[in-house]
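Going line by line, the protein sequences match chains L and W.
Counting in the UniProt record's numbering, the first sequence runs from 1 upward without gaps.
Counting in the UniProt record's numbering, the second sequence runs from 1 upward without gaps.
Any given hint could turn out to be false.
Keeping only pairs whose Cα atoms sit at most 25 Å apart, straight-line, the calculated DSS-like set for lysine-lysine is [stated by the list, open to error]:
{"no.": "1", "chain 1": "L", "residue 1": "242", "chain 2": "W", "residue 2": "289"}
{"no.": "2", "chain 1": "W", "residue 1": "344", "chain 2": "W", "residue 2": "358"}
{"no.": "3", "chain 1": "L", "residue 1": "344", "chain 2": "L", "residue 2": "358"}
{"no.": "4", "chain 1": "W", "residue 1": "54", "chain 2": "L", "residue 2": "289"}
{"no.": "5", "chain 1": "W", "residue 1": "260", "chain 2": "W", "residue 2": "344"}
{"no.": "6", "chain 1": "L", "residue 1": "54", "chain 2": "W", "residue 2": "260"}
{"no.": "7", "chain 1": "L", "residue 1": "242", "chain 2": "W", "residue 2": "242"}
{"no.": "8", "chain 1": "W", "residue 1": "260", "chain 2": "W", "residue 2": "242"}
{"no.": "9", "chain 1": "L", "residue 1": "260", "chain 2": "L", "residue 2": "242"}
{"no.": "10", "chain 1": "L", "residue 1": "344", "chain 2": "L", "residue 2": "289"}
{"no.": "11", "chain 1": "W", "residue 1": "344", "chain 2": "L", "residue 2": "54"}
Listed below are several chain L residues computed to face chain W (Cβ distance under 8 Å; list not exhaustive) [unchecked claim]:
{"no.": "12", "residue": "281"}
{"no.": "13", "residue": "304"}
{"no.": "14", "residue": "308"}
{"no.": "15", "residue": "316"}
Computed beta-carbon distance windows for the label pairs [said to hold, decoys possible]:
{"no.": "16", "chain 1": "L", "residue 1": "192", "chain 2": "W", "residue 2": "30", "range": "38 to 48 Å"}
{"no.": "17", "chain 1": "L", "residue 1": "119", "chain 2": "W", "residue 2": "60", "range": "48 to 58 Å"}
{"no.": "18", "chain 1": "L", "residue 1": "32", "chain 2": "W", "residue 2": "103", "range": "53 to 63 Å"}
{"no.": "19", "chain 1": "W", "residue 1": "90", "chain 2": "L", "residue 2": "218", "range": "47 to 57 Å"}
{"no.": "20", "chain 1": "W", "residue 1": "35", "chain 2": "L", "residue 2": "144", "range": "44 to 54 Å"}
{"no.": "21", "chain 1": "W", "residue 1": "198", "chain 2": "L", "residue 2": "32", "range": "33 to 43 Å"}
{"no.": "22", "chain 1": "L", "residue 1": "31", "chain 2": "W", "residue 2": "60", "range": "35 to 45 Å"}
{"no.": "23", "chain 1": "L", "residue 1": "41", "chain 2": "W", "residue 2": "198", "range": "25 to 35 Å"}
{"no.": "24", "chain 1": "L", "residue 1": "62", "chain 2": "W", "residue 2": "43", "range": "36 to 46 Å"}
{"no.": "25", "chain 1": "W", "residue 1": "196", "chain 2": "L", "residue 2": "41", "range": "19 to 29 Å"}
{"no.": "26", "chain 1": "L", "residue 1": "145", "chain 2": "W", "residue 2": "288", "range": "30 to 40 Å"}
{"no.": "27", "chain 1": "L", "residue 1": "199", "chain 2": "W", "residue 2": "104", "range": "55 to 65 Å"}
{"no.": "28", "chain 1": "L", "residue 1": "195", "chain 2": "W", "residue 2": "196", "range": "55 to 65 Å"}
If you're looking for bench data, these hints aren't it; they were derived computationally from the structure.
Think of the CB as a built atom: it goes at the ideal place given N, C-alpha and C, for glycine as much as any other residue.
There are 2 protein chains.
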Amino acid sequence: MSSSISKLLPLVTAAGLALSGASFATAQTAPLSAQDSDPRVMGWMQGFPPPPDKLITQPDSNYFSFPKLRWSVCHLREFLPTEDISRGLGAPAPLDYPTPAAFAELRQQIDALTFTPMNSDTPMTWEESLYANYTDGIMILHEGEVVYERYFGCLEEDGKHAIMSMTKSITGLLGEILVAEGVLDDSLLVRDVIPEIGDSAFATATVREVMDMTTGVQYSENYSDPNADIWVYSRAASPLPKPEGYDGPDGYWEYLQEVKPEGNHGDAFHYKTINSDMLGWMISRVTGKAVTDLASERLWRPMGAEQDAYQTVDGKGVPFAGGGVTAGLRDLGRLGMLMLNEGKSGETQVFPAEVVRKIAAGGDPSRFSGFATIPNGSYTSQWWVFHNDHGAYAARGVHGQTIYVDPTARMVLVRLASYPRAQNGFIDPTSLPAYQAVAQFLMER
Amino acid sequence: MSSSISKLLPLVTAAGLALSGASFATAQTAPLSAQDSDPRVMGWMQGFPPPPDKLITQPDSNYFSFPKLRWSVCHLREFLPTEDISRGLGAPAPLDYPTPAAFAELRQQIDALTFTPMNSDTPMTWEESLYANYTDGIMILHEGEVVYERYFGCLEEDGKHAIMSMTKSITGLLGEILVAEGVLDDSLLVRDVIPEIGDSAFATATVREVMDMTTGVQYSENYSDPNADIWVYSRAASPLPKPEGYDGPDGYWEYLQEVKPEGNHGDAFHYKTINSDMLGWMISRVTGKAVTDLASERLWRPMGAEQDAYQTVDGKGVPFAGGGVTAGLRDLGRLGMLMLNEGKSGETQVFPAEVVRKIAAGGDPSRFSGFATIPNGSYTSQWWVFHNDHGAYAARGVHGQTIYVDPTARMVLVRLASYPRAQNGFIDPTSLPAYQAVAQFLMER
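Only chain L is shown next, with the shape it has when bound in the complex (with noise of 0.2 Å):
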């Protein structure tokens, strides 16, 4: 693997990584803690110049991962190639906060809640959870009010995070709205909506398939094989120049037209990050425009974003629907709450209802396997659901990034963050149990 393509690896593999932590796993060795990781502790790049060991460059492949991942998350711009998903020119939506009495009465509250871990007996606090977490940016709203918000490391108010594989639950939602209304129609085979697909194992799945990942495709992601699909993938997606003699396909699209079947499509959900990009390309024939574009008209613009979000590009300029996006907490926590209102901001119907009822609905959880702190999921239209009592689904990135919703509890909650490892089935037994906790406290409250 030629160094100068090894650059964009670390981004593109961390976006894509399967979550297959299956077990319970923990970290083999005990990594630096999140108040001793902290950027700004670490001291990256601060002073002008920098010093040689506290500088964060692109030409480092270890960009992004940790420790200098903390800081990296907060910086992919600086990076890379993007483009932005506008939030148009208005005012921003305000948000609806308690007063701050009552707003400072909430945090004590909230932190000093106690649960008790996935697979452990010791109860944790909820604040204790956000440093085991390496929380970078938190937010809870419940019934429309912000009631909890808390940024560490990276992260500031106005500052944008990496959300990884949420990424994936935007296109998806994208892809739901243009079903409902009848602009993408999910009964067909890909290769009638993108004939160029060729040969490609993708032709003959389904739309829906590609939308729920139930396609048979081959995606290996052995990293230690230097030709597992991960590294031809990132290859192709890296907007760098290519090396002399690179004759591998060049974009995620013509990845895309080159991959290989595996097992039945329609059979089981399998994670695989390029049914995302799959879809993106779907969405921007049917629509003619770029996912960003999509994603600023019909969400951060109605929504009211506070801040432009913006999304990684490959060396043509399509935006990397698996992973790429970047965007502010508090806008985060707008696109949540257009979920839990099924679709309506304020008066207005942003689009139909039925949009997050089928995505809340979930998938049939029989099909669903490979992630065990989730023993009873299904994924759906890019989201996960957990078909728990509360009918709580989730967008959910590595390193710990989620908008979770939990339309019982009438609970958002989005929380942004930088956890050494990638998959969150290391994050998941101090978070989902801490969701949990929370929206009890705030539907008793």
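For chain L, the structure is supplied; the task is to place chain W on it using the hints.
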């Protein structure tokens, strides 16, 4: 020159181009007209994917050459790593507009205005000049009110456009603010501010000489000489990984440490981009902030910008203080108003009035030469001062960018453009007389 490094040259060189068109030059062969080279007419980047001959990508080293330039000026971020200049999170400061009927009438009147281009006997209408100059966006404010605003080519009201060397004027304005506040002492030598500047020719220049570009430093822009300084600078500045065996300077600031002397400091004005980056470094050193963050805090936030701007960075994350900014047309109008109103935005004095007074007063025209279209000008704090009877001054960037402030007419004019050739010497003949004509019209209306 390695091919991987040559990719970035179009941008860097275009931004750094000396405006050395000393004669009233005209293009040797007629390029496509503004209408025919409109990126929508050319079909650049249309379709998902676009046809191969309509793709504009970074690995294509022509991406910043006409006619592709006409698309790329609105899309730099899709090619390069960048850093935001945040507008903050609040509501934008509204701009005042006349009634739609009055606005339409003003447009008719202004479009019909005639003027005589420099070095010509044939009158031209204002509207003809917009096409002659390959205008992408133009806005005129008079007495605080938007009296004219039009978009062409790749630009729309919610889009952004490269401002090229107008970036220098932002850097210079920030520098002048810091001087007025006593944070930056312009009588110091560069080596007193940046000790590690070492033996560079900059070491013994004063901060003021750097601000006014009267340093005696070597910086050749002979594009046919592969060892010309512009190429060395471009290689240093490229955010792409350096090629195998590269042992030159890495980043803007390492380059500045190696600059050789040429002539004496203080003798005369020489337009050399490296002065702007030297100033940017000193600004960051004395404030502890990147120029992007400082532009956000001191300009974009207080003036109520409606869009974030952005700035390209080198491989170490240092913003290109000499040419890297991209911004929205209306926000550049707000910046021009801040200048016209001597630092006031609404009722708030954003920075001391003396900052603008010093810039507007200009320098000594007898030490200024080489710009036939500005026969009696000067260059102060990185702003062009015309020393005409209206006391006009301007930010200027290659390919036709300008913020033109006419204090006598109480007019601010912003033009963003993608003229086929870089030097404003080609563009001024159909621009400067047009600005004077519209100023006259506004004063008399």
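Hint by hint, here is what the structure shows:
1. This hinted pair does not check out: residue 242/L and residue 289/W have alpha carbons roughly 35 Å apart, beyond 25 Å.
2. With a C-alpha separation of about 15 Å, the suggested pairing of residue 344/W with residue 358/W holds against the 25 Å cut-off.
3. Straight-line distance between C-alpha atoms of residue 344/L and residue 358/L comes to about 15 Å, which keeps the hinted pair within the 25 Å bound.
4. Distance check on the hinted pair: residue 54/W and residue 289/L sit about 16 Å apart at the alpha-carbon level, within 25 Å; holds.
5. With a CA separation close to 41 Å, the supplied pair residue 260/W and residue 344/W exceeds the 25 Å bound.
6. A hinted pair counts as satisfied when its Cα atoms are at most 25 Å apart, and residue 54/L with residue 260/W does not qualify at roughly 29 Å.
7. Taking the CA atoms of residue 242/L and residue 242/W, the gap is about 14 Å. The hint holds against a cut of 25 Å.
8. Taking the CA atoms of residue 260/W and residue 242/W, the gap is about 23 Å. The hint holds against a cut of 25 Å.
9. Of the pairs offered as hints, the one joining residue 260/L and residue 242/L holds, with about 23 Å between alpha carbons and a cut-off of 25 Å not exceeded.
10. Of the pairs offered as hints, the one joining residue 344/L and residue 289/L holds, with about 23 Å between alpha carbons and a cut-off of 25 Å not exceeded.
11. Our distance criterion of 25 Å between C-alpha atoms is broken by residue 344/W and residue 54/L, whose separation comes to about 39 Å.
12. A distance limit of 8 Å between C-beta atoms decides the matter here; for residue 281/L the minimum to chain W is near 7 Å, and the interface restraint holds.
13. Against a cut-off of 8 Å between C-beta atoms, the interface hint on residue 304/L is violated, since the closest Cβ of chain W lies about 11 Å away.
14. With its C-beta approaching chain W no nearer than about 6 Å, residue 308/L sits inside the 8 Å limit, and its interface hint holds.
15. At its closest, the beta carbon of residue 316/L sits 6 Å from a beta carbon of chain W; the interface hint therefore holds under the 8 Å criterion.
16. Here the CB-CB span from residue 192/L to residue 30/W is close to 47 Å, well matched to the stated 38 to 48 Å.
17. Between residue 119/L and residue 60/W, the C-beta spacing of about 53 Å keeps the proposed range 48 to 58 Å intact.
18. The hinted window of 53 to 63 Å between residue 32/L and residue 103/W holds, with their beta carbons roughly 59 Å apart.
19. Between residue 90/W and residue 218/L the beta carbons are some 50 Å apart, a value that agrees with the proposed interval 47 to 57 Å.
20. Under the hint 44 to 54 Å, the C-beta atoms of residue 35/W and residue 144/L, about 50 Å apart, fit the expected range.
21. At about 36 Å, the beta-carbon gap between residue 198/W and residue 32/L stays in the expected band of 33 to 43 Å.
22. As the Cβ distance of residue 31/L to residue 60/W is approximately 42 Å, the hint placing it in 35 to 45 Å holds.
23. One distance hint, 25 to 35 Å for the beta-carbon pair residue 41/L and residue 198/W, holds here, with the actual separation near 31 Å.
24. Restraint check, residue 62/L to residue 43/W: a C-beta distance of roughly 41 Å satisfies the suggested window 36 to 46 Å.
25. Against the hinted window of 19 to 29 Å, the Cβ-Cβ separation of residue 196/W and residue 41/L comes to about 26 Å, which satisfies the hint.
26. For the pair residue 145/L and residue 288/W, the beta carbons lie near 37 Å from each other, so the given range of 30 to 40 Å is met.
27. A hinted range of 55 to 65 Å holds for the C-beta pair residue 199/L and residue 104/W, which are about 57 Å apart.
28. The hinted range of 55 to 65 Å is satisfied by residue 195/L and residue 196/W, whose Cβ atoms lie roughly 59 Å apart.
Violation of the numbered hints given earlier is confined to hints 1, 5, 6, 11 and 13; the remaining hints are satisfied by the structure.
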